[in-house]
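Novice: Okay, here's what each chain looks like letter by letter:
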Amino acid sequence: MTIALLTSILWVTIRAGTSLLYATLGEILTERSGILNLGIEGIMITGAVTGFAAAYHTKQVWVGVGAAVLAGGVLALIHAFLTISLRADQVVSGLALTIFGSGLANYLGQRLGPKGAPLVGMTGPKFLPMSIPGLEEIPVLGASAFNQDVLTYASYVLVPLIAYFLSRTRPGLHLRAVGENPRTADAMGVNVAGTRYFYTILGGMLIALGGAHLSLAYTPGWTEGLTAGRGWIAVALVIFATWNPGRALIGAILFGGINAVQFRMQAAGTTIPAPFLNMLPYAFTIVVLVLITWWESISKRVGAPAALGTPYAREEKR
Amino acid sequence: MRIRLERRLKPSKTAGLVVALVSLVLALAFGGAILLATGANPLLTYKAMAIGAFGSKYAFSETLVKAIPLILCGLGVAVAFKMKFWNIGAEGQLAMGGFAASGIALFLPKMLPGFPKWGLLPSMILAGFLLGALWGMIPAILRAVVGVNEVITTLMMNYIAVLWIEYLFYGPWRDPKGYGFPGTAQFPEAAWLSRYPGTRVHLGLVFAVVAALILWLILSRTKFGYEIRVIGENPKAARYAGISLVRNILLVMLISGGLAGLAGVCEVAGISHRLQKGLTVGYGFTAIIVAWLGQLNPWGVTLVGVLLAGLLVGGDQIQITMRLPAAAALILQGAILFFMLGGALFTQHRVRVDWNFRRKPKEVPPAEAPQGGEP
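Taken in sequence, the protein lines are chains E and B. Counting from 1, position 281 in the first sequence corresponds to residue 281 in the numbering used here; the numbering is continuous, with no gaps. Plus 1000 on top of the position in the second sequence (first one is 1) and you've got the numbering used here.
Take the hints with a grain of salt, since some may be wrong.
[To be verified] Part of the chain E face toward chain B, derived, beta carbon under 7 Å: (1) Leu86; (2) Ala88; (3) Val91; (4) Val92; (5) Ser93; (6) Ala96; (7) Phe100; (8) Leu104; (9) Gln110; (10) Gly113; (11) Ala236; (12) Arg264; (13) Met265; (14) Thr271; (15) Pro275; (16) Met279.
[What the hints assert, rightly or not] Not close to chain E: a few residues of chain B, all C-beta gaps over 12 Å, as computed: (17) Gly1180; (18) Gly1225; (19) Leu1337.
Hint data in this document are derived by calculation from the structure and do not stem from the laboratory. For every residue, glycine included, the Cβ atom is placed at its ideal position computed from N, Cα and C.
With the rest of the complex left out, here is chain E (with noise of 0.2 Å):
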């Protein structure tokens, strides 16, 4: 293999991977306050919409940023609202969140163009690669992992920052406890469902900024079902991560560089049949999936949060 070849796949694999790290990222925030979240793939795609239609509209791209990551909070608010104050069943919620985060990225869609008119096929500002002066001469990494766009630069941040945060700050012990174990956080003074509110939706303006990285770097633009099924893959691949932000950064890289080989081998003109090359992210995602599973079960490791899914009332004995 070429050094030419290698950079850009390589270069790929970041790209495609960054939505999925953000999503991820987000997940596992708040899935570590105890709160599960299976409305990613509806959050992301509103992201998406959203953040193209103000990218648009105001030709800015950080406006985009900024109307994706709040339609995200709102979305996550709605699951919160449900989940912790109404104790509503967490995955009912999170698939009740995905088909209506799909229903209104669709209509959205149709409604947001220029004067009511779809935003399909409409070309707006978007993020471009750009290379670090002084890295740009590493090899390999130069021409690829530092020739990306601010959002992918801002993840390579967030995931030491986020491990950082979880394991060796305050707010980061008081998250992990109420994950674990509410009633002993309660017993410790945390307040428990003021936490799960903040990371639930602090994650869902994460997810949507994966959404909008996807309309607004990775593939410029609105189309429907744009996300396809980038947020569910980030539900196995926070499993995958075991519930941690670096080996999350690495499940990004394995998926992104799925998507890479699916491009290469379309590129390089192969005869099988292109529903069967879109079909390896899906395919390799269950692969992994009982694989993480087995090597969990025969380790004896338990990676999620004991609290997972279940609602907290200080009043109910369980």
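Got chain E sorted already, so can you dock chain B onto it with the hints?
Specialist: Coordinates of chain B only, in the frame set by chain E:
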């Protein structure tokens, strides 16, 4: 003043009905706000939707047409959800059912020229049910044996199934005389489900009602139905009672996937008479809402299936008459489910308001001994 929630021993039926109605009204108001915000008139839109779905004999017949796959998939989802097995793969199971039925309809008469014509439809139904069931069994086995999260696997299987049938009707199964249209050749007439004259309502409606009846009998009258309920409500108790989780997961997914597969058979044999683009339009996902709104009860699912089918048909209508995206119907579906979920708090809890909570300190027992607390 203090508001307390007390868990009811049994969910209240009256509260359930009130919550369902209030949810519907609130969801319409919520959806109306979104319509208004994007410059559409909510009242006119809803009126157009209602007329489009229930306003005439033809409109209602079209609603019934869409209700068939929704009820069948909804029943499948409901039986799985009943034991908290989150099957969100009805869409893929439907696709595989449609694929199996199409394969039989297109190739069986050619391969076995002596095959009796009356045997064609039953073979399609059997094959569709079995392949749908098989598609559901894969995640079921992975969950039962290895413990793999079924939410993700059933969902990923959707994408694989949809891409697989796309491969077929764009590729090897494409009708050579179809002018490039993505679809197979038309089935022989022996493979068509008979229709009610003048409408597109087909025999699948009978299948759906019979399936609801059988499922109701299974759930309410058999030991198997009882075991499903126990696993869903209290997995620990189920384990102590010696109920086999593995056996029940596999059986439930056989039924669940099979019913979704049957929905696929109905779509190809009753409506399109070929395998084509447009078989998978999201019935499998709407079925989740149908199941939950129908309180996971077969008759509830049947009723809600017709209502949500009306919402879909109404959504298509506003696209034509009001030039509004049909996706508005999807927004409403999600919103209804949100409000139902939130409302479940009131069916499962009794809300007590203590007006004098702060004024009567005497009634608070003096300095209780410290409670045991959590270990």
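Novice: Take the hints in turn and mark each one as holding or not.
Specialist: Consistency of the hints with the structure:
Interface hint status for leucine 86 of chain E: upheld, as the beta-carbon distance to the closest one in chain B is roughly 5 Å, under 7 Å. About 4 Å separates the beta-carbon of alanine 88 of chain E from the nearest beta-carbon of chain B, less than 7 Å, and the hint is met. For valine 91 of chain E, the interface hint holds, since its Cβ comes within 7 Å of a Cβ in chain B; the closest pair sits about 6 Å apart. A least Cβ separation of about 6 Å between valine 92 of chain E and chain B falls short of the 7 Å threshold, and the interface hint therefore holds.
For the restraint placing serine 93 of chain E at the interface with chain B, the shortest Cβ-Cβ distance is roughly 5 Å, inside the 7 Å limit, so the hint holds. For alanine 96 of chain E, the interface hint holds, the least distance from its beta-carbon to any beta-carbon of chain B being 4 Å, beneath 7 Å. Proximity of phenylalanine 100 of chain E to chain B holds as hinted, the smallest CB-CB distance being about 3 Å (cut-off 7 Å). A hinted interface residue such as leucine 104 of chain E counts as satisfied when its beta carbon comes closer than 7 Å to some beta carbon of chain B; here the least separation is about 5 Å, so the hint holds.
Checking glutamine 110 of chain E against chain B: minimum C-beta separation of about 4 Å stays under 7 Å; hint holds. The beta carbon of glycine 113 of chain E is not positioned within 7 Å of any beta carbon in chain B (closest approach about 11 Å), and the interface hint is therefore violated. Hint status for alanine 236 of chain E relative to chain B: holds, with the closest Cβ pair at about 5 Å, below 7 Å. The interface hint given for arginine 264 of chain E is broken, as the beta carbon of that residue sits about 19 Å from the closest beta carbon of chain B, more than 7 Å.
A hinted interface residue such as methionine 265 of chain E counts as satisfied when its beta carbon comes closer than 7 Å to some beta carbon of chain B; here the least separation is about 15 Å, so the hint is violated. The beta carbon of threonine 271 of chain E comes no nearer than 12 Å to any beta carbon in chain B, farther than 7 Å, and the hint placing it at the interface is violated. Annotation: proline 275 of chain E was flagged as interfacial toward chain B, and the flag holds, the nearest CB pair being 4 Å apart, inside 7 Å. Hint on methionine 279 of chain E holds. Least Cβ distance to chain B is approximately 5 Å, under the 7 Å limit.
No Cβ of chain E comes within 12 Å of the Cβ of glycine 1180 of chain B; the nearest lies about 16 Å off, and the non-interface call holds. For glycine 1225 of chain B, the shortest C-beta to C-beta distance to chain E comes to about 21 Å, beyond the 12 Å cut-off, and the non-interface label holds. At roughly 4 Å, the least C-beta separation between leucine 1337 of chain B and chain E is not larger than 12 Å, which violates its mark as non-interface.
Going through the hint list in order, the structure does not satisfy hints 10, 12, 13, 14 and 19.
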